[in-house]
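S.K.: One letter stands for each residue in the lines below.
There are 2 protein chains.
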Amino acid sequence: MKTSFSIRKAKASDMSAVLNLIQELATFEKEPEAVIVTEEDLIKHGFGKVSLFTCFVAEVDNQIVGMALGYPRYSTWKGPTLHLEDLIVTDSFKGKGIGKALFSTFIRFGYKQGVKRIEWAVLDWNSSAIDFYIRQGASILNDWRVAQMDPKAMHQFISKTQ
Amino acid sequence: MKTSFSIRKAKASDMSAVLNLIQELATFEKEPEAVIVTEEDLIKHGFGKVSLFTCFVAEVDNQIVGMALGYPRYSTWKGPTLHLEDLIVTDSFKGKGIGKALFSTFIRFGYKQGVKRIEWAVLDWNSSAIDFYIRQGASILNDWRVAQMDPKAMHQFISKTQ
Numbered sequence: 000m001k002t003s004f005s006i007r008k009a010k011a012s013d014m015s016a017v018l019n020l021i022q023e024l025a026t027f028e029k030e031p032e033a034v035i036v037t038e039e040d041l042i043k044h045g046f047g048k049v050s051l052f053t054c055f056v057a058e059v060d061n062q063i064v065g066m067a068l069g070y071p072r073y074s075t076w077k078g079p080t081l082h083l084e085d086l087i088v089t090d091s092f093k094g095k096g097i098g099k100a101l102f103s104t105f106i107r108f109g110y111k112q113g114v115k116r117i118e119w120a121v122l123d124w125n126s127s128a129i130d131f132y133i134r135q136g137a138s139i140l141n142d143w144r145v146a147q148m149d150p151k152a153m154h155q156f157i158s159k160t161q
Numbered sequence: 000m001k002t003s004f005s006i007r008k009a010k011a012s013d014m015s016a017v018l019n020l021i022q023e024l025a026t027f028e029k030e031p032e033a034v035i036v037t038e039e040d041l042i043k044h045g046f047g048k049v050s051l052f053t054c055f056v057a058e059v060d061n062q063i064v065g066m067a068l069g070y071p072r073y074s075t076w077k078g079p080t081l082h083l084e085d086l087i088v089t090d091s092f093k094g095k096g097i098g099k100a101l102f103s104t105f106i107r108f109g110y111k112q113g114v115k116r117i118e119w120a121v122l123d124w125n126s127s128a129i130d131f132y133i134r135q136g137a138s139i140l141n142d143w144r145v146a147q148m149d150p151k152a153m154h155q156f157i158s159k160t161q
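These protein sequences, in sequence, are chains A and B. Taking numbering that gives the first Met the number 0, the leading residue of the first sequence gets 0, the next gets one more, and so forth. Taking numbering that gives the first Met the number 0, the leading residue of the second sequence gets 0, the next gets one more, and so forth.
Please note: incorrect hints may appear among the correct ones.
To be verified - Restricting the straight-line Cα-Cα distance to at most 30 Å, the calculated cross-link-like pairs of lysine-lysine (DSSO-like) are:
id	chain 1	residue 1	chain 2	residue 2
1	B	K1	A	K77
2	A	K43	B	K8
3	B	K43	A	K77
4	B	K48	B	K10
5	B	K93	A	K151
6	A	K151	A	K8
7	A	K99	B	K93
8	B	K77	A	K93
9	B	K77	A	K99
10	B	K159	A	K48
11	A	K115	B	K1
Stated by the list, open to error - Under 8 Å between C-beta atoms, here's a sample of chain A residues computed to sit facing chain B:
id	residue
12	I63
13	G136
14	H154
Calculated directly from the structure, the hints in this document are not laboratory data. Nothing here was measured: the structure is a model prediction, and the numbers come from that model. Virtual Cβ for every residue (Gly too), placed ideally from N, Cα, C.
In isolation and in its complexed conformation, chain A is listed as follows (with noise of 0.2 Å):
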């Protein structure tokens, strides 16, 4: 059976649902204890005087069920481009062409924009999602590691280069 669906905008009282799909996510990514954003700061990041990212969200029958979530980037080589921070789609929704449909969307977002690249992340052992990926088209950078530094990290390294 299909199951239809519908692609929006986000707005600021979805963040509690949205907020579930960061959770689900992020459990699924073996880091279930990683988030410590809140609904409030999801609201005030996203929908404040300046709002730090795009979000929008897929529904069946008015539940949030997907979502994608992104915010600009600035290349040195190429110039503005887009950054896809999270492709959410609920379990118990996958297989239903709902990612796609908001992939989509995010990718037509960006290229009426006119940006230079959009870019995100994947995981090295996330075939299926690597999979749907190179389908689409995306290239995938082998050669690139990621580092950081997180408040911790800084202050130590801080302390150290007084």
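Following the hints, complete the assembly by docking chain B onto the known chain A.
M.R.: Chain B only, in chain A's frame:
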């Protein structure tokens, strides 16, 4: 002999020298043809009505010999973060502590803002850069891959999914 240098925020008039550094890095990273950004683009994107990035430069005798450039990102797990897009010291001034001083300036800039993470990308074969970042306390995430679509791939994807 110790080289004396100073670090300051970049001005629009520095973008010509900054573009030279960007081109130098692209050549080092084996993609000399990849830079399509112009000096005018950098001025417009960094010093226009909306600033898409923040740039610091290192000077020796009024000559720009290095730069650190970054912009805000957003983590749905952590909240507001900062991305270090480029950290570059021109070849003839490497090994004098200028890269570390630029890195330190950028980390302090982010820490002061209270960002929840500072993140950047590094090529897996650039072991001297990776060793440097690890020595400063950064974590290297080996299981994430970067996926990208350029405007041509976006256009092809959109054409196929009308």
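S.K.: Taking the hints in turn, state whether each one holds.
M.R.: Verification of the supplied hints:
1. K1(B) <-> K77(A): violated (36 Å)
2. K43(A) <-> K8(B): holds (29 Å)
3. K43(B) <-> K77(A): It holds: about 14 Å lies between the C-alpha atoms, which stays within 30 Å.
4. K48(B) <-> K10(B): holds (14 Å)
5. K93(B) <-> K151(A): holds (28 Å)
6. K151(A) <-> K8(A): violated (35 Å)
7. K99(A) <-> K93(B): violated (46 Å)
8. K77(B) <-> K93(A): OK: K77(B) and K93(A) at ~26 Å, within 30 Å.
9. K77(B) <-> K99(A): holds (26 Å)
10. K159(B) <-> K48(A): violated (37 Å)
11. K115(A) <-> K1(B): violated (42 Å)
12. I63: violated (15 Å)
13. G136: holds (4 Å)
14. H154: With a closest approach of 7 Å, the H154(A) hint holds.
In this structure, the hints that do not hold are numbers 1, 6, 7, 10, 11, 12, in rising order.
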